[in-house]
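Chemist: Chains as they are written, first to last, in my numbering: chain L, 6 to 229; chain Z, 35 to 172.
Hint data in this document are derived by calculation from the structure and do not stem from the laboratory.
Some hints here could point you the wrong way.
Claimed, not checked - FRET-style restraints, in silico, Cβ to Cβ: (1) N130/Z x F27/L: 32 to 38 angstroms; (2) H22/L x L110/Z: 23 to 29 angstroms; (3) R58/L x A109/Z: 28 to 34 angstroms; (4) P142/Z x S90/L: 49 to 55 angstroms.
All values reported here derive from a predicted model rather than from experimental measurement.
Cβ atoms here follow ideal geometry from the backbone N, Cα and C, with glycine treated the same way.
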Amino acid sequence: METGRVLKYRLAERILHWVVVFSFTTLLLTGLVLYLPSLGFLAQDSWTRVIHRIAAVVFVGAPLVTLLATWSASWKSISEAADWSLYDIGWVLAFPRYYFLNDEGAMPPQDRFNTGQKMWYVIVLIFSPLFLITGALMWFFKDLLPSAVFQWSLYIHDISFIICGVMLLVHVYLSALHPLMRRQGGSFRAMVDGTVTTEYAKSHHGKWWAQLPADKKGEKAVTG
Amino acid sequence: MFGDRDEMVIAGKQRVREIRKTYPEAYLYGEKELGGLHVMYVLSYPPETHGLPVQPQMPIAASVWKSAVQPVGLALLGLTAVGLGLNFIVSRTTINARVEAGPKWVCPTCGYVSRTEEPPAKCPVSGDAKSSFRKTEE
Numbered sequence: 006m007e008t009g010r011v012l013k014y015r016l017a018e019r020i021l022h023w024v025v026v027f028s029f030t031t032l033l034l035t036g037l038v039l040y041l042p043s044l045g046f047l048a049q050d051s052w053t054r055v056i057h058r059i060a061a062v063v064f065v066g067a068p069l070v071t072l073l074a075t076w077s078a079s080w081k082s083i084s085e086a087a088d089w090s091l092y093d094i095g096w097v098l099a100f101p102r103y104y105f106l107n108d109e110g111a112m113p114p115q116d117r118f119n120t121g122q123k124m125w126y127v128i129v130l131i132f133s134p135l136f137l138i139t140g141a142l143m144w145f146f147k148d149l150l151p152s153a154v155f156q157w158s159l160y161i162h163d164i165s166f167i168i169c170g171v172m173l174l175v176h177v178y179l180s181a182l183h184p185l186m187r188r189q190g191g192s193f194r195a196m197v198d199g200t201v202t203t204e205y206a207k208s209h210h211g212k213w214w215a216q217l218p219a220d221k222k223g224e225k226a227v228t229g
Numbered sequence: 035m036f037g038d039r040d041e042m043v044i045a046g047k048q049r050v051r052e053i054r055k056t057y058p059e060a061y062l063y064g065e066k067e068l069g070g071l072h073v074m075y076v077l078s079y080p081p082e083t084h085g086l087p088v089q090p091q092m093p094i095a096a097s098v099w100k101s102a103v104q105p106v107g108l109a110l111l112g113l114t115a116v117g118l119g120l121n122f123i124v125s126r127t128t129i130n131a132r133v134e135a136g137p138k139w140v141c142p143t144c145g146y147v148s149r150t151e152e153p154p155a156k157c158p159v160s161g162d163a164k165s166s167f168r169k170t171e172e
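Please construct the entire structure, taking both the sequences and the accompanying hints into account.
Modeler: Quick look at the structure:
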């Protein structure tokens, strides 16, 4: 079925997404080496520590650069992720029917981000600063900190790691591996050229589609 | 001195015995503390005189981490993986059931079958137009 495409993710959002993918995956793997004692031997000569710190600088720097470079668009995205309404309760209620029984009609109309995507956005917004603060304490103030503060920093860093690691699994599964997504051809293209089919926009992001200006609903692929 | 811990304990105890003539309270610190430390000191006086804790304890955070956080994290990860796997199986089964029950489009020229809601724009084998497809319900 031939159908047009509509821009869902701006260029800055896509670039940030992939920079975070690579830096966070690196942080996750080099952190895992310290988390699992059985992998501890990999941390010898502390080369994983050096990689972890380089990735940390990228992971912290990229969103800050994006925020400064695309100030108003970034705040718009953040406010979209923070905009919760009754539709979100509808999403949670429809979740089992949708994801287990593939009943796409059960889902109430969604914004540009659906409820699940907003949850993930908010989790990242909460835990990134926790990673940053506890990580910076352990990196720069290691010798000055009382040992209890150091221990608690480590502890919070680990909990953030567990929650974000688990949610990352869910995110990758629902966006790329779920049978429904595979049948639609996946959501991968949405994060590469930023577009989704108009068909998909109408059926899965009805609220967003309804308020999208007519010139952006073009039947031809929109880039930017 | 550096070496295997067992040898170091022996060497340390021997040194303590030697200096006990001059320092009767000499003590090998680290042999038993916290289940045995990796660094041991031969002390001339009791630990408190040297500013060392007499019976050091693990900070609460460290023991919470060791006993709870690590297994809980791994359990959560495992449960999530199992849950996603179950979801995959259930979801794929219901999708396949729906496709089976749905319409079936047959190309009259070559017999190509498409199990989609709508027939394809043109047959990928014979190139026939969308309108030539015949619908069969099962």
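Chemist: Are any of the numbered hints broken by this structure? If so, which, sorted upward?
Modeler: none
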